[in-house]
Amino acid sequence: MRFLSNGALERLRDGAEVPDLAGTRYRLLDRIARGGMGVVYAAEDENLQRRVALKVLDIPGTEGDLANRLIREARVLAALEHPGIVPVHDVGTLADGRVFYTMKFVEGRRLDQYIESVASVPDRLRIFLRICDAVAFAHARGVLHRDLKPANIMIGPFGEVLVMDWGLAKILRPQVSDGASKADPEATFIGNPKQPAAAGEATELSVVTGHGTVMGTPGYMSPEQTRGDVEHLDARSDIYSLGALLGFLLTGRPEIASSSATRRLDKSLLAICAKSTAAAPADRYPNVPEMALDVSRYLDGLAVDAHRESVFEKAVRFYRRYRFFILLIAAYLAMRVLILLFMHR
Amino acid sequence: MNKVLLGLLIGAVLGAIDGGTAWFTPAVRAQLVGIIFGSTIKGLIAGVAAGIFARKVNSVPLGILFGLAVGFVLAYLVAYMQHGYYFEIILPGSIVGMIVGYATQRYGAAPAPATR
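Keeping their order, the protein sequence lines are chains L and C. Read left to right, the first sequence gives residues 3 to 347 (this note's numbering). Read left to right, the second sequence gives residues 1295 to 1410 (this note's numbering).
I should point out that these hints are in silico values taken from the structure, not numbers from a laboratory. Note that beta-carbon positions come from the ideal geometry of N, C-alpha and C, so glycine has one too. Do not rely on the hints blindly, as some may be mistaken.
[To be verified] Facing chain L, a subset of chain C residues (Cβ under 7 Å, in silico):
1. 1315
2. 1318
3. 1382
4. 1386
5. 1389
6. 1393
7. 1397
[What the hints assert, rightly or not] A few chain L residues that don't get close to chain C, going by computed Cβ distances all over 12 Å:
8. 19
9. 47
10. 62
11. 92
12. 108
13. 121
14. 125
15. 132
16. 135
17. 142
18. 143
19. 220
20. 225
21. 276
22. 313
23. 323
[Said to hold, decoys possible] Derived coverage of chain L by chain C (criterion: at least 3 residues anywhere in the stretch with Cβ under 8 Å from a Cβ of chain C; other residues may be distant):
24. 324-330
25. 334-344
Chain L with its partners taken away, still in its complex shape (with noise of 0.2 Å):
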């Protein structure tokens, strides 16, 4: 008796999974990365002459949590139009009974692979701000995104920054769409948090559990989201990722605390990602325009609400912010002695 390799068990599976697109306007393309609901295909919208990326859940019926999340997500996007959010196009069911989605086709990189080509801080620093707009814009529309991390975000090939995957996302007051609202689904149980990842798997894999439960990435989950304590769950608890992610895009690490590369860091950013990390919601950003706030007073060489600067702190800012000034009086009061030495010989 043989045995099917593994390779070709993998064939199979992904030939069984592959949707029927009768029916629709739309042509697979190819396969683009399986997430916890489904898979995302680039598809051709044949009405348009467009690429779209094809979002397709694994199980048929319109029936059922994941079904109801899926088209929650879809209605998320739909309310969410702002330039650092991925736009959704179209929301359906196939003829093989599964539901779908259709959004915009990002041909970019994700973060922490976009990240390795972008040296300077500055420019970290202002990918991240743009990351903070989109995340702003949700809140404001009453949505957390619950699970932002590098590889949600997505950076386009004009430098567009894109924040994904709004799968986990909950709606804190009713304002995006009502069946939106009635669809969000707190119980749904989709895999075990207590489990551990294997490893490498453990800031790749978002966790999803039920009620009472876990929904993040491990390193960039509040500690309130890994205790599960969905009802508290507020603008902050983004905010703790949001310095997760921002402890990345300077050390590459998101706990910040443990990584070596912070002794190179200004101590205003470290504050911004303390402050932003802090254990208890009560002591971060209340919302993310003020942390946004901090990081451009850093840019723009201010002094951040993060950080109490000691006079010496204070001067070497100073300096900074004024240095090619300083430089000049400096010159022309060296040029002033010589001139005065030059008289006096």
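On the provided structure of chain L, position chain C as indicated by the hints.
Just chain C now, with coordinates in the frame of chain L:
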């Protein structure tokens, strides 16, 4: 701080310092107050001119060039009236103009857009 006010302040401070250095020249020490006053006015004029220029033209190199030119012309006029000390007056005066030109372009705030 707006560009004209910044130019005015820096021009006045640097002009005063510039005039104050006359104290090290015993021959003119008796006229020190007049020199400081004149030099401050010269710095003020250069600063305001550089500030107005910075409001019209947004370019650091052009701002420096304009400051240099204004500083040079003003310092030349002062030296001409003094009938001497050309080098000692024109060089620092031109550099003060340059510094003011740079500062107004780099650190002066652009005027807020008009709202109805």
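Margin query: Hint compliance check: list the failing hint numbers for this structure, sorted ascending.
Written below: 23
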